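**Q** Sequence:
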Amino acid sequence: MPRQVAKPMSQTKVNVSVCLAAVIAGGAMWFGNVGSTFNSVPDLFSTIFTSFKETELFPYKCKSPDGSEDFNLLKELMDRGGAIVDAVGLGTFDGIRGLQALRPIPKGQVIVALPYTFSLSVATITASSQAGQAAARWRYMPDGDMHLDTLALIYEAHVRGAKSPWKNYFCTLPKEYDLPLLYNDAWSKEFLAALPDFNRFVNKRRAELATFEGATRTALQQMPGGSALLKNISRAEFSDLHTKSYLAAKTRTLTWDMEEAGENKFKLNLPSSLAWLEEVGFMVPILDMANHASKEAANAAFTIDYTGSHIRKDLGGLSSLGDERPARANQNSNKASKGRGMPTFSLIAQKDIQSGEQITFPYLPEDDIHPQCNDRWLLEYGIVQHDGHPMRDCYAFNVTVADLVRVTKGPQEADDGQQQVAEAQSHVQQTLKAARAFPWITVRLVRSGIPSKPLLDDDESMGLKMLLQWATAALEGDAAQARSVACVLLKEQAARLDQQLAHMQELATAMDAEESKADTEGGEVKSEGAGGGRLSRSRRADLLQVLRGAARAAHDGPAHLGCA
1 MPRQVAKPMS QTKVNVSVCL AAVIAGGAMW FGNVGSTFNS VPDLFSTIFT SFKETELFPY
61 KCKSPDGSED FNLLKELMDR GGAIVDAVGL GTFDGIRGLQ ALRPIPKGQV IVALPYTFSL
121 SVATITASSQ AGQAAARWRY MPDGDMHLDT LALIYEAHVR GAKSPWKNYF CTLPKEYDLP
181 LLYNDAWSKE FLAALPDFNR FVNKRRAELA TFEGATRTAL QQMPGGSALL KNISRAEFSD
241 LHTKSYLAAK TRTLTWDMEE AGENKFKLNL PSSLAWLEEV GFMVPILDMA NHASKEAANA
301 AFTIDYTGSH IRKDLGGLSS LGDERPARAN QNSNKASKGR GMPTFSLIAQ KDIQSGEQIT
361 FPYLPEDDIH PQCNDRWLLE YGIVQHDGHP MRDCYAFNVT VADLVRVTKG PQEADDGQQQ
421 VAEAQSHVQQ TLKAARAFPW ITVRLVRSGI PSKPLLDDDE SMGLKMLLQW ATAALEGDAA
481 QARSVACVLL KEQAARLDQQ LAHMQELATA MDAEESKADT EGGEVKSEGA GGGRLSRSRR
541 ADLLQVLRGA ARAAHDGPAH LGCA
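Under the UniProt record's numbering, residues 1 to 564 are what the sequence shown spells out, in order.
What the hints contain is simulated information worked out from the structure, not anything from laboratory work.
Restraint-style ranges between C-beta atoms, simulated for each label pair: (1) Ala-136 with Lys-517: 49 to 59 Å; (2) Ala-236 with Gln-354: 41 to 51 Å; (3) Ile-96 with Glu-514: 23 to 33 Å; (4) Ala-510 with Ser-227: 43 to 53 Å; (5) Gln-222 with Lys-163: 12 to 22 Å.
A quick note: this is a predicted structure, and the numbers were derived from the prediction, not measured. Positions of the beta carbon are idealized from the N, C-alpha and C atoms, including for glycine.
Put together the whole structure using the sequences plus the hints.
**A** What follows is the structure, encoded as structure tokens:
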């Protein structure tokens, strides 16, 4: 996924252009064991997902099963350090944990403000320098900076354990994550098969996780105390631990852009071994318990305040959540060490908030168009947007050279047709690089017979109009023939999705009936696959929504192209 960039607060108004991965699970998931395995994935992934339900994420006892007492202790600790957290507490809203206002909060007032040093990051842990040295090669690995978040979480939670200043924070994190990466039941496998391009991204993410599991083990061996951890945990247990830690960091990390910080005359004092980072991830306690809402429904906005004006001015020396080290601020100012001038992560009320009301803020900033489609939200964050916006109805499918040849040439001409299209690809690729996803449908071009090697980068797609342009170029400027080709391909996709949607709806209806009968008779529904993995009724409804959106998109495509 692309790293989200946090923007600063304007001195005259709150800038809401920020995207936090944390809002998902802010409390969206209660504690519980995850029972997920993969029976049909390639051998490369089998060691990761075989016993995921067994390993505890944190090796010490929390104050309460739901993390509420740990949350309150964390508040007390932060309050003593100068953070503003007294107006919020944990609440439950329709069975989901969230951040609750403990008193009325007027519009424009600070709800929560924490010095960035209170957040868990590779930049704030005690072994920051050693982590950078141990993971030096990650700078050359795709998304290596993102996996530093996982390394930092594992190190603090398992190497330092109860000695970590974030120990209470760890107890507030969910233990259950509902992302496609973990889908295992038969229904979900059919869902993934219905969207092959989406499934390709899921498998790519699994392969990435497998790669960094090994890289993380190697890095931990070079960090203080890391070897002792690895000697006392089996490889299967470490796989579970790494996967859980990745999911926790993945869904809750704020990314701070270092160029943005520099423009605000702040330089994060990273050790030289981490100087290559352009973006740094932070897991923000307390604040990340806030759930998301649409821009219209949200009552708060996230911002970074570079002036430090939000935190208490009586602060007498910041340390990282009670740790023995001084704060890692580096501004040519003595104020930083006393809290003033220390950048803070803040939530600001965007409307009057009543006591007892849930505090929510938007997921997506106005100036960030990615990810729009529900399949991307599902892949990256494990949620489906229910805002009804047409942009959520997207469908990405692969169009190969062979597909074009099939509908334009006879079998005898197939080889010549492939060569003809191949000669046009270079010109067309440059055209597509500037294209953005079309609201109704996206198409990914792949080389003939090699779907795993896309013509475009994985996160780039072309819009419906671009498909027509590409087909036109491939057919030497014959616009009428190109339109006919595009119409055939889109209609085929629409028909296939209709069949898959009908099949999945039939299965979901049968499962609903089975569960209702079990509820009435007091029985249990048998879980599918090793380790369980049966999706809940609400999750099945979410996935059906994604399929319906894809089907709508596939039907809208021909209409917008003017197909007969």
